[in-house]
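Asker: Residues per chain are reported as follows:
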Amino acid sequence: MSSRQKFIRNFSIIAHVDHGKSTLADRLIEYTGALEKREMKEQLLDTLDIERERGITIKLQAVRLNYKAKDGNTYTLHLIDTPGHVDFGYEVSRSLAACEGALLLIDATQGIEAQTIATFWQALDLDLEIIPVINKIDLPSADIDRIKEQIADILGLDPDEAILASGKAGIGIEDILEAIVNRIPPPKGDENKPLKALIFDSYYDPYLGAVAYVRIIDGKVKKGTDILLMSTGKKFEVTEVGAQMPKMTPMEELKAGDVGYIAAAIKDVRDIRVGDTITDANNSTDEPVAGFRPAKPMVYAGVYPTGDTTFEELRDALEKYSINDAALTYEIESSPALGMGFRCGFLGLLHMEIVQERLEREYEVEIITTAPNVIYRVILKTGEELEIRNPAQFPDPSKIEKILEPYIEASIISPSEYVGAIMQLVQERRGYQKRFEYIDKKTVLLTYEIPMAEVLFDFHDKLKTATRGYASFDYEFTGYKEGELVRMNILINGEPVDALSFIVHKDKAYRVGRSLVDKLREVIPRQLFEVRIQAAVGSKIVASAKIPPLRRDVLAKCYGGDVTRKKKLLEKQKKGKKRMKQFGKVELPQEAFLSILKVE
Amino acid sequence: MVRGIYIHIPFCNTKCPYCDFMSFVSDNPKLINDYVETVLTELEFHMEHNYRFYIETVYFGGGTPSVLEPWQIVKIIEFIKENINHQKDLEITVECNPETYRYEAFKILKDAGVNRISIGNQSFLEKNLETLGRKHKPKDTFEMIESAVKAGIRNINVDMIYAIPGQSFNDLKEDLEIYTSLPVTHISAYMLTAYEGTQFGNLIDNNIISLPDEDTSSKMFLMVDEFLEEKGFKRYEVSNWAKDGFSCRHNLLYWTHGEFLGVGVSAWSFVENRRFGNERNFENYMEKVKNGKLPVAFEEYIDRNEYIKERIFLGLRLRNGVEIDILNKKKVEELLKNGYAEKENGRLILTRKGVLVINEIVRYLLN
Numbered sequence: 001m002s003s004r005q006k007f008i009r010n011f012s013i014i015a016h017v018d019h020g021k022s023t024l025a026d027r028l029i030e031y032t033g034a035l036e037k038r039e040m041k042e043q044l045l046d047t048l049d050i051e052r053e054r055g056i057t058i059k060l061q062a063v064r065l066n067y068k069a070k071d072g073n074t075y076t077l078h079l080i081d082t083p084g085h086v087d088f089g090y091e092v093s094r095s096l097a098a099c100e101g102a103l104l105l106i107d108a109t110q111g112i113e114a115q116t117i118a119t120f121w122q123a124l125d126l127d128l129e130i131i132p133v134i135n136k137i138d139l140p141s142a143d144i145d146r147i148k149e150q151i152a153d154i155l156g157l158d159p160d161e162a163i164l165a166s167g168k169a170g171i172g173i174e175d176i177l178e179a180i181v182n183r184i185p186p187p188k189g190d191e192n193k194p195l196k197a198l199i200f201d202s203y204y205d206p207y208l209g210a211v212a213y214v215r216i217i218d219g220k221v222k223k224g225t226d227i228l229l230m231s232t233g234k235k236f237e238v239t240e241v242g243a244q245m246p247k248m249t250p251m252e253e254l255k256a257g258d259v260g261y262i263a264a265a266i267k268d269v270r271d272i273r274v275g276d277t278i279t280d281a282n283n284s285t286d287e288p289v290a291g292f293r294p295a296k297p298m299v300y301a302g303v304y305p306t307g308d309t310t311f312e313e314l315r316d317a318l319e320k321y322s323i324n325d326a327a328l329t330y331e332i333e334s335s336p337a338l339g340m341g342f343r344c345g346f347l348g349l350l351h352m353e354i355v356q357e358r359l360e361r362e363y364e365v366e367i368i369t370t371a372p373n374v375i376y377r378v379i380l381k382t383g384e385e386l387e388i389r390n391p392a393q394f395p396d397p398s399k400i401e402k403i404l405e406p407y408i409e410a411s412i413i414s415p416s417e418y419v420g421a422i423m424q425l426v427q428e429r430r431g432y433q434k435r436f437e438y439i440d441k442k443t444v445l446l447t448y449e450i451p452m453a454e455v456l457f458d459f460h461d462k463l464k465t466a467t468r469g470y471a472s473f474d475y476e477f478t479g480y481k482e483g484e485l486v487r488m489n490i491l492i493n494g495e496p497v498d499a500l501s502f503i504v505h506k507d508k509a510y511r512v513g514r515s516l517v518d519k520l521r522e523v524i525p526r527q528l529f530e531v532r533i534q535a536a537v538g539s540k541i542v543a544s545a546k547i548p549p550l551r552r553d554v555l556a557k558c559y560g561g562d563v564t565r566k567k568k569l570l571e572k573q574k575k576g577k578k579r580m581k582q583f584g585k586v587e588l589p590q591e592a593f594l595s596i597l598k599v600e
Numbered sequence: 601m602v603r604g605i606y607i608h609i610p611f612c613n614t615k616c617p618y619c620d621f622m623s624f625v626s627d628n629p630k631l632i633n634d635y636v637e638t639v640l641t642e643l644e645f646h647m648e649h650n651y652r653f654y655i656e657t658v659y660f661g662g663g664t665p666s667v668l669e670p671w672q673i674v675k676i677i678e679f680i681k682e683n684i685n686h687q688k689d690l691e692i693t694v695e696c697n698p699e700t701y702r703y704e705a706f707k708i709l710k711d712a713g714v715n716r717i718s719i720g721n722q723s724f725l726e727k728n729l730e731t732l733g734r735k736h737k738p739k740d741t742f743e744m745i746e747s748a749v750k751a752g753i754r755n756i757n758v759d760m761i762y763a764i765p766g767q768s769f770n771d772l773k774e775d776l777e778i779y780t781s782l783p784v785t786h787i788s789a790y791m792l793t794a795y796e797g798t799q800f801g802n803l804i805d806n807n808i809i810s811l812p813d814e815d816t817s818s819k820m821f822l823m824v825d826e827f828l829e830e831k832g833f834k835r836y837e838v839s840n841w842a843k844d845g846f847s848c849r850h851n852l853l854y855w856t857h858g859e860f861l862g863v864g865v866s867a868w869s870f871v872e873n874r875r876f877g878n879e880r881n882f883e884n885y886m887e888k889v890k891n892g893k894l895p896v897a898f899e900e901y902i903d904r905n906e907y908i909k910e911r912i913f914l915g916l917r918l919r920n921g922v923e924i925d926i927l928n929k930k931k932v933e934e935l936l937k938n939g940y941a942e943k944e945n946g947r948l949i950l951t952r953k954g955v956l957v958i959n960e961i962v963r964y965l966l967n
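If you read the protein sequences in the order shown, they are chains A and B. Heads up, the first sequence stops at 600 in the numbering used here, and the numbers go up one at a time, no gaps. Heads up, the second sequence stops at 967 in the numbering used here, and the numbers go up one at a time, no gaps.
Treat the hints with caution; some may be incorrect.
Which bits of chain A does chain B cover? Going by a derived footprint, with three or more residues having C-beta under 8 Å, they are [as the list claims (entries may be wrong)]:
#1 525-535
#2 560-567
In silico DSSO-like cross-links for lysine-lysine, where the CA-CA straight-line distance does not exceed 27 Å [what the hints assert, rightly or not]:
#3 B:LYS953 / A:LYS568
#4 B:LYS739 / A:LYS557
#5 B:LYS834 / A:LYS557
#6 A:LYS557 / B:LYS909
#7 B:LYS737 / A:LYS557
#8 B:LYS909 / A:LYS585
#9 A:LYS585 / B:LYS953
#10 A:LYS567 / B:LYS929
#11 B:LYS937 / B:LYS831
#12 B:LYS834 / B:LYS773
#13 A:LYS566 / B:LYS675
#14 A:LYS546 / B:LYS909
#15 B:LYS937 / A:LYS585
#16 A:LYS557 / B:LYS831
#17 A:LYS557 / A:LYS568
#18 A:LYS567 / B:LYS930
#19 A:LYS567 / B:LYS735
#20 A:LYS557 / B:LYS953
#21 A:LYS508 / A:LYS462
#22 B:LYS710 / B:LYS727
#23 A:LYS546 / B:LYS930
#24 A:LYS557 / B:LYS893
#25 A:LYS568 / B:LYS909
#26 B:LYS831 / A:LYS585
#27 B:LYS834 / A:LYS566
#28 B:LYS931 / A:LYS566
#29 B:LYS819 / A:LYS557
Chain B stretches covered by chain A per the calculated footprint, using a threshold of three residues with CB under 8 Å from any CB of chain A [as the list claims (entries may be wrong)]:
#30 820-829
#31 866-873
#32 960-966
Keep in mind that the hints were calculated from the coordinates and are not lab data. We treat Cβ as the ideally placed atom computed from N, Cα and C, and that holds for glycine.
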């Protein structure tokens, strides 16, 4: 180890959403003087508007801090931010792999939550040094003793080593920095070996092109180095290296142990895959960093242009957007009801919502999104196997031998008094229990296997409701299992609307059909003509409803001066209906396509 | 060919809470006279423009034209007659508020050629007038009608508003009975509309008052329509009923793409496929004209596409309907099938049921 490496510490912060990670990060940045206080915006690490609004972190980033420790030495600390949502689990694991240690942040008023545990296990697997931090201790409802008990029982860590802190009040910041220096080991690695750098994030910069955030494991890299991306075999010449301090700052060189960015005039962000290894094209490492896996969409939905947006405009928007989001996949599809659009693959529902919002906000397209679905595998009687990403593509039932659906293992942590409610909810969702453990006197960890489709929509909300907000939930994909599934068709005025069809378990078909039809009756506005809504499995109608026609408009005057105004009003009304799709003579609002998500 | 002239008189004695016309309260005779002169100057600008004129109608609207001294109206009429090519049988309308002109005034107007008045009555029930913020009493309207008829003006429109907060079906029937017992030729009846930005609009937005529900107001329309038709007033437009031969020729120009020129603050014109509107700000209007400029603030060219759009949404308001050729055949079939419209001599005419959802039908046909 070089003497330089002795003064480097690489760490991330493991925390549940809302447990105060971004605020703590801000305090660390502020304390080490990387930014003047007046330069600090609240929660600096969350750079995207949407992140700030939702209070969650989507894009991970790395910040370099200089800290003069009590031992008199100045240390370089790299804080690697991690996304705090289950959709981004793989990204979390790659961020952790870039570190030697982690702060495990626990809200003193909430206790440990499922997601924190899942991330904690990942960190342990990677041999990270874990520093428990009990946050928000200044709040009146903080229960430090209970948290310490959980730290000992669930995590098996020494509760006396936990640091008491408050990001908001600035308590314990120095203690945390000292612990990082004293407890987290410096990075190993040899700067004289061939370059080996782990990509843990990427983003698109209009001037630099696609930029990789990396941890240099071995070797060094600088401007002019020919690099090789090991999973794709693509080669580029480095144009700039540097670090975020927290502003992007070019540097001479990055060496073993460093965390920073590499730009190499790469046009497509998809060439930079999280988890991939960068090496020197002329002197390559024998072995890439273990654990690479390409981002795989778990959820698919149709995205279609509406209002004034054309198919071409949406395609441009998706192309531009996806250079900044390698996890999004899209392919052209066409729907009899919605016309030409795209089948998009997302990491999860949150990811889908983010993509939808950013497309509309930043790329100014008007879109309509269909209900998301998981990927089904259908085995035909001929033995052929199909991957179904769109319920409308489901083959004729007579040709199907069996249908497989994805399952997840769900971990739920909750106060024990809600166990009954949770069990009932999981049962409704076709899940079964695998484990049941007490993690402290009042808290249980339940492990279930549940079809992914059943947790996709409102499971998290329902769980929160059933447990008064106390339960937390995390999941992991486990594999495919056979299911007795059928396709439910929705007919509007007798015509099936492909974009409204979905897959449901046979036993739930009647109830879901009824509920969906009721929901549709609520969300489809009255129109000129009566609207008949039917839910059908095969040729059997399981539920139906009617929306009576509109009764009246305002009968107002219209004289010389009113013509232009009235015309504008009509245009405005048309605009107001932008998220509507004409289907025959019926106009369906966006909500109609997402009604299935709200089915009771 | 310019066939009508509209003169906007923005002054009022009070501002009604539902009114969305450009109007303001003023009784300053100097200001009013200055305005009349400015309007005449604006007319002169248009005459220099070499439009082809053959005027059939002149319409004084507002605001309240009857805040003018009758001689001021006469001055404008004479200016038009002297300087602009017109037909002999001119329809000249003046909008009047019930508490203003009486016999002497009407006599002067009649001699100058005014042959139609339109009275801003709105209702004969005092409680409705109160809700609508109108200051006049029912007897004012009776007196006005009597004195107009005495002066020889027999073509009389009375405005009516229905679907007023607190109005019952009995109230409406009572009102209709009074309207139809009077020697009038024309009734304009509007559903009360809470326009954005008006006092009424704000009251509705803030839930301080509420308009009758969809069911009630649509039944009220049916009641008005049936009642008036029975009394010999035919609906020739969504909100206008007239005895045979007394449809308002001027207003028909608006709905049939007849060319008209509007003068005065906020007045609109449609000439040679251009629709243009004057300044809505009084001072700006006055200043522009005085500086020798046309006071136009908004202008739109009506191309073939816009023209068809307008034909549909204006034409459907009329009893004559719109020529079927310009409409989507399949959609026409749907409308016929569902009883929203009927076919007559190659034209599509809305039924009562259709009139009630006219905006939605227009949207359906235009989409």
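Asker: Hint by hint, say whether it matches the structure.
Answerer: A quick look at each hint next to the structure:
1. 525-535: n = 3 at 8 Å, threshold three: holds.
2. 560-567: Since three or more residues must qualify, the claim that chain B covers the region 560-567 of chain A holds, with 6 doing so at under 8 Å.
3. B:LYS953 / A:LYS568: holds, 25 Å
4. B:LYS739 / A:LYS557: Given that 27 Å is the threshold and the Cα spacing comes to 26 Å, the pair holds.
5. B:LYS834 / A:LYS557: holds, 17 Å
6. A:LYS557 / B:LYS909: holds, 18 Å
7. B:LYS737 / A:LYS557: Between B:LYS737 and A:LYS557 the Cα gap is close to 24 Å, so the pair holds against 27 Å.
8. B:LYS909 / A:LYS585: Holds, because 19 Å separates the two Cα atoms, which is no more than 27 Å.
9. A:LYS585 / B:LYS953: Given that 27 Å is the threshold and the Cα spacing comes to 18 Å, the pair holds.
10. A:LYS567 / B:LYS929: holds, 23 Å
11. B:LYS937 / B:LYS831: At roughly 30 Å apart (the allowed maximum being 27 Å), B:LYS831 and B:LYS937 break the hint.
12. B:LYS834 / B:LYS773: holds, 18 Å
13. A:LYS566 / B:LYS675: violated, 33 Å
14. A:LYS546 / B:LYS909: violated, 32 Å
15. B:LYS937 / A:LYS585: holds, 13 Å
16. A:LYS557 / B:LYS831: holds, 22 Å
17. A:LYS557 / A:LYS568: holds, 15 Å
18. A:LYS567 / B:LYS930: Within the cut-off at roughly 24 Å; holds.
19. A:LYS567 / B:LYS735: violated, 33 Å
20. A:LYS557 / B:LYS953: Distance ~18 Å between A:LYS557 and B:LYS953 Cα, so the pair holds.
21. A:LYS508 / A:LYS462: Holds. A:LYS508 to A:LYS462 sits at ~18 Å (cutoff 27 Å).
22. B:LYS710 / B:LYS727: At roughly 34 Å apart (the allowed maximum being 27 Å), B:LYS727 and B:LYS710 break the hint.
23. A:LYS546 / B:LYS930: holds, 23 Å
24. A:LYS557 / B:LYS893: violated, 31 Å
25. A:LYS568 / B:LYS909: Within the cut-off at roughly 12 Å; holds.
26. B:LYS831 / A:LYS585: violated, 38 Å
27. B:LYS834 / A:LYS566: holds, 25 Å
28. B:LYS931 / A:LYS566: holds, 22 Å
29. B:LYS819 / A:LYS557: holds, 18 Å
30. 820-829: violated (count 1)
31. 866-873: holds (count 5)
32. 960-966: holds (count 6)
Of the numbered hints given earlier, the model fails hints 11, 13, 14, 19, 22, 24, 26, 30; all others are met.
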